[in-house]
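Here the protein sequences come in this chain order: A and B. Once you know that position 392 of the first sequence is 392 in this note's numbering, the rest is easy, because the numbers rise by one and skip nothing. For this note's numbering, count along the second sequence from 1 and bump the result up by 1000.
The set of hints was computed from the structure by calculation and includes no laboratory data. For glycine and all other residues, C-beta sits at the position ideal for the given N, C-alpha and C. Certain hints may be false.
What the hints assert, rightly or not - A few chain B residues facing chain A, derived, Cβ under 8 Å:
#1 Leu1005
#2 Arg1006
#3 Ala1011
#4 Cys1014
#5 Ala1017
#6 Leu1018
#7 Tyr1020
#8 Ala1022
#9 Ala1024
#10 Ala1033
As the list claims (entries may be wrong) - Label-pair distances were calculated between CB atoms; the ranges are:
#11 Val203/A to Ala1015/B: 40 to 46 Å
#12 Phe143/A to Asn1002/B: 37 to 43 Å
#13 Pro1031/B to Thr306/A: 51 to 57 Å
#14 Glu221/A to Ala1026/B: 22 to 28 Å
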Amino acid sequence: MADPTLKSVDCPACGAPITLRALGASVMVVCAACRSEIDVSTPEIRIIKRFDVAARSFDLALGTRGSLRGGTFEIIGAMMRSNGGYSWSEYLLYNPFIGFRWLIEDEGHWSLGETVKDVSGLNAGVSRIRYHDREYRKFVEGFVTVDTVVGEFYWRVKAGSRAWTADFMAPPYLLSQEKTETESTWTLLQYLAPGEVAAAFKVQVREPDGIAAHQPSPALETWKVIKQYLWGSLSLAVGVQLVTLFMARNLVIPLGVFVPPTDATQEVVVTSLHLPARRSLNELTATVAIDNGWVDLDYALVSKQTGESYELGNGIEHYSGADSDGPWSEGSTHASALVPALPRGDYDLVLSTTSGDSRGVPQNLPVVLSLRHDVAPWRNFWIACAVILGYPLVLLYQQLVFERERWSDSAFDPRPAQQ
Amino acid sequence: MNITLRAGLYALVCAIALLYLAMANAQGYVPFATPTSRSSVHTANHFHK
């Protein structure tokens, strides 16, 4: 059975057959052969204007059908519009059961649009609009001109028609107002990935150039997916650290005062100690009441069970004096060193020191030693946090760069002025 | 690389970071601690003479 919305007529200008696809809805059609504008609102079709400009080629041909966002549409009209030398393509799609849709191609970026029926509350005179629980920010406004038109339309359109437009963005949506002397319409557009259009109409489409007003930010889209992993991982890291803090014995073991022998190079067993934790982090602290001098401490914790030695070193230096700015001091009279992953057992602490004052004379001052056993480490927690936060920070940077480039095309950038 | 793959890799990185944290804390291990090497038993016996 023939489609009741289809009708074939001959172009009164060139005689080429023209198929009207939205019979009853279309009021004018542009002949694909000679580009003449023809009035089809009455049974007696007539020429509105003969087309005498070089034909303009569109990426998508009239009559092409494609399945897009749940509907199969046919391209029944196309026009090229421009604003100050900047041009884009608009295709009118039609499905007899769904109605009309707009397919816009702008610098390789595609959008699918539908006329907004309830325009109450929509006002283009403001910088922000709330529509269906989304806030739209004004991106661009100005007059646009129809340069080329072909196919059929449900209103009278011709080359040279001018309209005032204002676009408001909330990626991936764009609310666009179009106003002429006689009417005002709003269209809600949704950004389409170029691949979606290519697959729908089985055509090659070009790579997008620049960033569209309502193009979703790849970094933001990724963030929406990974943020659950971020918060989950940070929570788990805090949990692990809290358990570590709770389990740590943090046992302070005073090791006494060590008086260096006259022979500074001699290694002396200072004391023996027992470390009860299965494997532990330990912090060895030395304090020397030195001023204007230095002390180098070389330790070894030697296991009595295995004979293994865990060696570490520390340097202490402290200087003070007075000058025209008053008294000063630098350095410290104590220093700490961490001994990680020490197995449970008995240990000898072996120490040798070398020291000197500002003239190089050995000091041989008493060294007060203490050890904190089974200390809760924080360094691993910060490393884990840094690793977990690394990629989100990269995404944040990418998002800032993306938005800066997006808004560079707008006169309504809401962000603080860049210095 | 699509978003799903990127999210999967990120989840893997998070899992490794958490595993590192749990294991290192349990072992009392921290990187860049003062001793950078453990001497051999032979060297250690020197102190016990």
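A quick look at each hint next to the structure:
1. Leu1005: 10 Å, violated
2. Arg1006: 6 Å, holds
3. Ala1011: Since the shortest Cβ distance to chain A is 5 Å, the answer is holds.
4. Cys1014: Holds - the Cβ of Cys1014/B comes within 8 Å of chain A, reaching about 4 Å at its closest.
5. Ala1017: 4 Å, holds
6. Leu1018: For Leu1018/B, the interface hint holds, since the closest Cβ of chain A sits about 5 Å away, which is under 8 Å.
7. Tyr1020: 6 Å, holds
8. Ala1022: Hint on Ala1022/B: holds, closest Cβ of chain A at ~5 Å, below 8 Å.
9. Ala1024: 4 Å, holds
10. Ala1033: 4 Å, holds
11. Val203/A to Ala1015/B: 40 to 46 Å: 43 Å, holds
12. Phe143/A to Asn1002/B: 37 to 43 Å: 40 Å, holds
13. Pro1031/B to Thr306/A: 51 to 57 Å: 23 Å, violated
14. Glu221/A to Ala1026/B: 22 to 28 Å: Violated: the Cβ-Cβ distance is about 37 Å, outside 22 to 28 Å.
The structure shown violates the earlier hints numbered 1, 13, 14.
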